[in-house]
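Peer 1: The primary structure of each chain is shown beneath.
4 protein chains.
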Amino acid sequence: MSKISVAVLGATGPIGQRFVQMLEGHPYFEVEGLYASERSDGKRFGDIVKIRDCEFSDETMGIRIKTMDIDRISKNAELVFSGIPSELAGPTESELAGKGMAVFTNAGSHRMDRHVPILIPEINPDHASSIEQQDTYGNGGYIVTNANCSSTGIAMPLFALDRKFGLDEVFVSTYQALSGAGYPGVPSLDAVGNVIPFIDKEEEKMESELTKILGGYSKDGFKPADFKVMANCARVPVVDGHLESLVIKFESSPSLEDISCALSEFRGEAQTLKLPSAPDAPIIVRTEKNRPQPIYDVLAGSPERAKGMASTVGRIRESNGFCKMFVLSHNTLRGGAGGSVLNAELFKAKGLLR
Amino acid sequence: MSKISVAVLGATGPIGQRFVQMLEGHPYFEVEGLYASERSDGKRFGDIVKIRDCEFSDETMGIRIKTMDIDRISKNAELVFSGIPSELAGPTESELAGKGMAVFTNAGSHRMDRHVPILIPEINPDHASSIEQQDTYGNGGYIVTNANCSSTGIAMPLFALDRKFGLDEVFVSTYQALSGAGYPGVPSLDAVGNVIPFIDKEEEKMESELTKILGGYSKDGFKPADFKVMANCARVPVVDGHLESLVIKFESSPSLEDISCALSEFRGEAQTLKLPSAPDAPIIVRTEKNRPQPIYDVLAGSPERAKGMASTVGRIRESNGFCKMFVLSHNTLRGGAGGSVLNAELFKAKGLLR
Amino acid sequence: MSKISVAVLGATGPIGQRFVQMLEGHPYFEVEGLYASERSDGKRFGDIVKIRDCEFSDETMGIRIKTMDIDRISKNAELVFSGIPSELAGPTESELAGKGMAVFTNAGSHRMDRHVPILIPEINPDHASSIEQQDTYGNGGYIVTNANCSSTGIAMPLFALDRKFGLDEVFVSTYQALSGAGYPGVPSLDAVGNVIPFIDKEEEKMESELTKILGGYSKDGFKPADFKVMANCARVPVVDGHLESLVIKFESSPSLEDISCALSEFRGEAQTLKLPSAPDAPIIVRTEKNRPQPIYDVLAGSPERAKGMASTVGRIRESNGFCKMFVLSHNTLRGGAGGSVLNAELFKAKGLLR
Amino acid sequence: MSKISVAVLGATGPIGQRFVQMLEGHPYFEVEGLYASERSDGKRFGDIVKIRDCEFSDETMGIRIKTMDIDRISKNAELVFSGIPSELAGPTESELAGKGMAVFTNAGSHRMDRHVPILIPEINPDHASSIEQQDTYGNGGYIVTNANCSSTGIAMPLFALDRKFGLDEVFVSTYQALSGAGYPGVPSLDAVGNVIPFIDKEEEKMESELTKILGGYSKDGFKPADFKVMANCARVPVVDGHLESLVIKFESSPSLEDISCALSEFRGEAQTLKLPSAPDAPIIVRTEKNRPQPIYDVLAGSPERAKGMASTVGRIRESNGFCKMFVLSHNTLRGGAGGSVLNAELFKAKGLLR
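Which chain is which? The protein sequence lines are A, B, C and D, in order.
For the first sequence, our numbering gives the first residue as 8, with consecutive numbering after it.
For the second sequence, our numbering gives the first residue as 8, with consecutive numbering after it.
For the third sequence, our numbering gives the first residue as 8, with consecutive numbering after it.
For the fourth sequence, our numbering gives the first residue as 8, with consecutive numbering after it.
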């Protein structure tokens, strides 16, 4: 069976590079071209790549970056992975969908659109049906988004707990990695030895995306779940890995053991279908008193090829009737490129790709 | 008027060094001796001091560290500032109080003792009367503690809001500086590029101390305030300055403007009495979208001599009926040595020192 | 006596901000205006300032940034301090000198010009006479440069040693701070936990500037000193303070004690004239086994107002007939704005300003 | 063919953990036991391991640490890899050799002993014959050391250049990683944003080890090579990877191209014998203007299993007749555990193990 040819947009940024990493030797997809802004036109991928924990094949290192040209892309590729910044992503992705393309994107521009899903295969595979209503684009094109990097990491644990115990209120504070700000991103003079308690639109995204992801979908649109999210977001001098503190008020009164079991036993459709990039267990529960930590745990707990695709939960505690925990996830893998690759794998496995 | 001679215990640690900084040229107090463990006996203060933002006089740099000897201390000094680790602090401070000494300590050992106050002059100066019940020590000796470094920073904003709007629930996540772990403290291999989501007993302290500080005192003991605190504590690679995210549920429904005013207009007895180390305004409200930040704001907003003694609040927002904000304070000044120096100044000003 | 009105160019960058810091309350100079690119036009200085170890007066914080307009500047100010990037500095500074202005600049553009001095008052105050030959600018205008930040730090120790023992070969490796790259400068993803062994044109500057600074001047131009410099330059994740390792081959064979004395006893014309920003001793020798260190020593060893204006030398050792040492200096104070302010003070003190 | 059973000493430290990493699935060696101080007795390896770029098998994670007991070790293991601190290593390793054991050690204690080789298979495989003269230990036991982490990285490039062009003088400045200081090692308060220009005995080691390694051996002992080394050593806030700046004076006058070729074409006996941990090319030459950098290059350029075993050279330049370059190597792999594992592989391949 021949592989599906895919284009990677925004291939020079941190998310774009992670797309290339996820797609090296992928069983379903084959990179047709890497696209970025004119500034990088003609450069070798190997000249711009900057990932600390990954090596690329010589072939990949030698690929030349091309300028984004929507006609060319839609003629040559069957599917698009988009890692372009949100400012650009809105119109570009609409145009590509308008040309009949399947667009799997990390950008936030279309996430809250009426029939665009924020898809996480372990949580809401049924939301995929929303693409049928994206007729504004015609020609069978559509857009599927992965969640914001901070929402993704806690979405799986929250879903695993919601369906068993019912979520009422979720208080989250983030300790977000520098790679989430793109490249060049945060100036080093602001980052070294500092915490920046502001990430543009991040709190708003978390407060609206999570209830959409865990909510329902019908032809009338998405119906958000009815728990509340209160988010505080901050940037810390960590390279990769968003750590998040959670305080949860449940509708019921589960024991800490119930909670721990619900998390570690959780499996979703990504696991049932054995999607290539799916981790064996989407949620890893650690019992040490001081984990998870970004530098030691951000890649852990998954098979080799799917490293960085699970959420790691630790320090599950109780206080005044609330449940507390810390959650770590990889912001440019599961919370970025990996999320969209997994979504495309779901579409392939379920025969939703044209 | 002659100055009161004071001994500094644990003078070689980060808190001890801050005591020395606060006491240089102090109008009330004069350092009689610096004391530490045997390992440092005879060393010059200048050989061990490590503070990035402060210079000491040649005279101070030349002071020789002495081994802690309780008889000697109680004979030579009138008052003790203690920056020794909690493991040691319990019995040592009891013994000193037993010798009739006034002990102002940063250690946590006695904070929850029945008649020992956790004193913050802007909040609960009336708690000072609890020392009259510390008769177990005899001879007029007593112990006064300052709050844990994470509790201190938010105690003033919480108090200013509680008395106006009534606190119901407080959710706090901390971004705590490395200097809070003492020296040598956190190994650099664990700190660089990392977040450690665990600080021993810190969450428990925050959840119990804050309600004691904001509660009442009668001869029967302390009566905690009745709001709830849910704390998540983490260490980040910052040198000085604890940043904390807050989500607050009030009993009433103040506007963001009401909240901001209540904070910036707040003054306490430390200001009324014009205590030497008291900041002009104990709470500074910043309106920029991305402040306060440890590297830029940890020392700001106070007169020269009392730098690092205020709490800085920023990003006051509303979400789902909850109020959100970030608070920054200096963990080894206001949240450490400075807290105890201010307490001793209150005692002096009110004639409570023998 | 009325003060001289000065304009600061490039006032929003790290060097520009240090100019403002050095000029607050200055006895000779008064800031007429702060100038920067159009992007900052109308912003308050307080909104852009980012210096970790310094506080500004409310008045300074409120100054509005103006767009650079050469006619306006030359009409309103008597003297210009320039902290603009080298790309822009060349023509802009020539134009200002052409309008008859005295330009004291940190930019590298004109440093190797035939009659433009790289002035360090402790070393080559006689080079100031070169401005008389800058007749290309007419109207009495001229340009005086301070040395590159890496050259400055070691220039004073090298000069103190050259005149006593004769330099033959100088091997220098730098550990340069992030603030030397300007703002936004180095992206944090490249800086955290890393060393970057390349700084554009820095090695070439060090290898040519030092021999010009320590050389002679006659009306025919500058005659470089005849020792050789071999430089390796690297950027490290430090905020302020360039540390440099030196290996020196002398023409004679001084003892380590001779070397140490020559350094610590060194004084120059800046000290004789008691220039306002001059440190009491331009070179501080430390004898501890592990100093100087950027975080502890970068500001030390000078009177309050002239902090960061000395070079600190440590670890003076011998190996195979070569002398080894480490030198630390503040790259945006002595090695930046402070260098030019001191130069202007020299001109004022010697009556060279029109 | 059955594998050789090996003991790892000091298994809880950074070097010990790297030994375990190098030995996982090793074709020649099988871990018989992990040994450390009493403090770690009975702990699982998985509970103490802290390596950011490596995952261990469940089996390895479950191994229990044992207290060092020389009789037990010498009875159960055929060969010892030692990662214990130098303070302890001296007598312990002598005792083990005295029991007839082959000891391959990273410790510095015996490096300058009369008949103990500092072995690097690419450079001086003939030095292995020195073990025949270690008769003081009797029973066929002997000690083989790998070089100090800073010496190792530059030893291969220096050797490749010495045999072609003749070394005269070598000036080296180091930018050394935190992992080189062991665990807990450097306190984070001293590391964040700082450079420490002192590493105990490091400069002395570099100045004496390199000439021993590149020198000759006869039954009378080692004869050092006759070039001179002048070293300045400093610690920077990098996790893994020692970067070093070099300035070299050759006896001849090679072109930069000659130098580059001599480095990249260099192969040694480790490559001829295809030792399992040997990199395909021991020296990698990079031509980008700003490489090598620790975070991007410390593991690169080698086959999967032998990651971190090559030296990467970049920025080869000329200045005043001297050659300048930067060299990067992995301080706990090639410069630590990997060095000794490669030495033991050489012994196995050449039939030198009993």
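Simulated from the structure, these hints should not be mistaken for laboratory data.
Warning: the hint list may mix true and false statements.
[Unchecked claim] Examples of chain A residues toward chain C, derived with CB under 8 Å: (1) GLY53; (2) VAL56; (3) LYS57; (4) LEU185; (5) SER186; (6) TYR190; (7) PRO191; (8) VAL193; (9) PRO194; (10) SER195; (11) LEU196; (12) ALA198; (13) PRO244; (14) VAL246.
C-beta atoms are modelled at their ideal positions from N, C-alpha and C, and glycine is treated no differently.
Peer 1: Need the list of violated hint numbers for this structure, in ascending order.
Peer 2: Numbers 1, 2, in rising order.
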